[in-house]
Amino acid sequence: MTTVTAPTTPVLTPDMVAAIQALFPRYPTRQAITLPALHMVNAKLRHVPMAAIPEIAKLLELSPAQIYDTLTFYGFFKHEQGGYVRAWVCRSISCALRGAEEVLEKMCDKLHVHPGGTTEDGKITLEFGECLGLCDFAPAVLANEQVYKSVSLDQVDEICAMLKSQAEQQANGTAIPTL
Amino acid sequence: MAEFEPVLTANIHKPDSHTLPVYEASGGYQAIRKVLGEMSPVQVVDLVKASGLRGRGGAGFPCGLKWSFLPQNHPGPFYMCINADESEPGTFNNRILMEQDPHQVIEGIMIGCYATKATTAYLYLRYEYPTAYRRLQQAIDECYAKGYLGDNCFGKGFSLNIYMHRGAAAYICGEETGLIESLEGKRAWPRIKPPFPAIEGAFKKPTVVNNIETLACVPHIVNRGVDWFKSMGIPADPNNPRDPGSYGPKLYCISGHIEKPGCYEMPLGVTCRELVERYGGGVWKGRKGKAAIPGGISMGLLAESEWDTKLDFAGPGKAGCLGLGTAAVVVLDETVSMVDFLHNSCRFFAHESCGQCTPCREGTSWSERILYRIKQGKGRLKDLDLLQTIGDSIGIMPGTTICGLADGAAWPIKNALKKFRGEFEDYIKRTNPNGWANAQPVEALEVIGLGAH
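Respectively, the protein sequence lines represent chains A and B. Take the first sequence: its position 31, counting from 1, is numbered 31 in this note's numbering, and each next residue is one higher. Take the second sequence: its position 418, counting from 1, is numbered 418 in this note's numbering, and each next residue is one higher.
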């Protein structure tokens, strides 16, 4: 059995705590801040570590189980750190009709990942998405708030290169932070 | 009929259409001023009721009637939730409204909140719309800076706060009580009704949940009047006392195998064929159409021969579809295999079922696996009967689930089997001519964890 040592420093930075607390007046219950708080942690750390759960729970005066319950319902949040760029390839009907499955397959090939996986260098997470609401630009890819419209198989190489350079910038801290 | 002039999308092509000065230059925020200055909340409710405005989110419930269900003499507070969790495959009309004309949406929210006496509005936006998030937040900030929001809006003693609340990529949050649960910080399991949200909604207080496009219609009803609104659309069927009619403009989305995919504003009641041929530029690559989804994938299928169906609230139902839904038309050309289509549909619902009701959780995932087996060439003819049984027994209509997600999952199955059964039979006979029973059980439940949503 491996021993797990408690982290010495809290996961939530004072800035994050302050940002979460700033939301208190907006809602009549603290539980309502569960999703915004999880988003905040996820945006900063690219995942929600288990250690963050009791900390959020304490802030929101809930039991950690309540936070965990909500967190696991939304497949959006992960316990393992994702890449600097999180790309979703839409696979729902409008995109699928225009070749989304093939785009996803080629991107997986190109990046050497399965859908849902992160590249070996930890830079890019590639996932399928269900309807991204970009059906007028099918097949569509959404990556870190950037939309790639009407993607053809020929563009996949170029897009993967763009994702890589974006991830590079994020990793070096030269990218403009989103949100 | 005179050429229709777009109203909801009148501004979207203007430069900087998302900013306050542009919106105000085209007469924005006049309706809310009129409402705050001249009308009582009850008068606004009555006006919207008289206009016959029906919810644009899918169910088509009369908006004014929904507002009038709020209890009188309740100490409050009342809440307004705005449903911007647009996740129905094929649908993107609300995204365009939020990205290109967020102030129109906000004005609608203001009027809606005044009518329903709500002082707090939560705009529940799906996570996948980052541009909409930024533009709406910017628009809300502009309104606070101008004194249009906050305490004493427009100096008229009305106070309103609008807060953005981002979802986390779950289709079920578009169901109104699922949305409320999610807003409250819980898993988005729809609630058993009654009590309806109007009586006990968000935070156990009376709540109205409205769609973005529904609210965007409201300022125009105030400005132009009920008669203008009722001059468009399909009047109520006099022989059907339960039909409230379909009035007003509607944003139709066209996507899939179409030359010019996009969002087109038209009076309710345009036919599917007109939409495809006149506005969408016809089926792509000069091919023939095979079928179309009338309003988001959960509404079922219109075969090409049924494309003259009017897309008003009652029309698709007459052709065996579930309803108008979100009026998002997805065109399938002649090359599409219905097996592939149905597999895609079943996969979507299996992925998005929230897991609360057993018939839906199991029915959607088993139908996906059956379709997968058929697609792999291991289907048997009796699988089609099995699919039919699943389709007939999940949903609100057979009374086995809490919300309508399962009805939406069942309808494409039922429509595809009814309208294209021959194709399924052919496919199975061709790929599995001896009708071998696959000795292997259908593969075990996939480990959850692939993908984001």
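Misleading hints may appear alongside valid ones.
Below, simulated BS3-like cross-link-like pairs (lysine-lysine); rule was C-alpha separation at most 27 angstroms, straight line [stated by the list, open to error]:
1. B:Lys285 <-> A:Lys149
2. A:Lys123 <-> A:Lys78
3. B:Lys204 <-> A:Lys106
4. A:Lys149 <-> B:Lys260
5. B:Lys14 <-> A:Lys149
6. A:Lys44 <-> B:Lys186
7. A:Lys58 <-> B:Lys186
8. A:Lys106 <-> B:Lys205
9. B:Lys186 <-> A:Lys78
10. A:Lys44 <-> A:Lys123
11. A:Lys58 <-> B:Lys205
12. A:Lys58 <-> B:Lys204
13. B:Lys418 <-> B:Lys429
14. B:Lys288 <-> A:Lys149
15. A:Lys106 <-> B:Lys285
These stretches of chain B come out as covered by chain A in the derived footprint (C-beta under 8 angstroms, 3 or more residues) [unchecked claim]:
16. 34 to 47
17. 80 to 90
In short, the hints are calculated from the structure, not lab data. None of the values given here were measured: they were computed from a predicted structure. Yeah, the Cβ is synthetic: ideal placement off N, Cα and C, and Gly gets one too.
Now for the hints, and whether the structure bears them out:
{"no.": "1", "hint": "B:Lys285 <-> A:Lys149", "verdict": "19 angstroms, holds"}
{"no.": "2", "hint": "A:Lys123 <-> A:Lys78", "verdict": "16 angstroms, holds"}
{"no.": "3", "hint": "B:Lys204 <-> A:Lys106", "verdict": "49 angstroms, violated"}
{"no.": "4", "hint": "A:Lys149 <-> B:Lys260", "verdict": "14 angstroms, holds"}
{"no.": "5", "hint": "B:Lys14 <-> A:Lys149", "verdict": "22 angstroms, holds"}
{"no.": "6", "hint": "A:Lys44 <-> B:Lys186", "verdict": "22 angstroms, holds"}
{"no.": "7", "hint": "A:Lys58 <-> B:Lys186", "verdict": "16 angstroms, holds"}
{"no.": "8", "hint": "A:Lys106 <-> B:Lys205", "verdict": "50 angstroms, violated"}
{"no.": "9", "hint": "B:Lys186 <-> A:Lys78", "verdict": "17 angstroms, holds"}
{"no.": "10", "hint": "A:Lys44 <-> A:Lys123", "verdict": "15 angstroms, holds"}
{"no.": "11", "hint": "A:Lys58 <-> B:Lys205", "verdict": "26 angstroms, holds"}
{"no.": "12", "hint": "A:Lys58 <-> B:Lys204", "verdict": "23 angstroms, holds"}
{"no.": "13", "hint": "B:Lys418 <-> B:Lys429", "verdict": "18 angstroms, holds"}
{"no.": "14", "hint": "B:Lys288 <-> A:Lys149", "verdict": "25 angstroms, holds"}
{"no.": "15", "hint": "A:Lys106 <-> B:Lys285", "verdict": "24 angstroms, holds"}
{"no.": "16", "hint": "34 to 47", "verdict": "violated (count 0)"}
{"no.": "17", "hint": "80 to 90", "verdict": "holds (count 5)"}
Checked against the numbered hints above, the structure breaks hints 3, 8, 16 and satisfies the rest.
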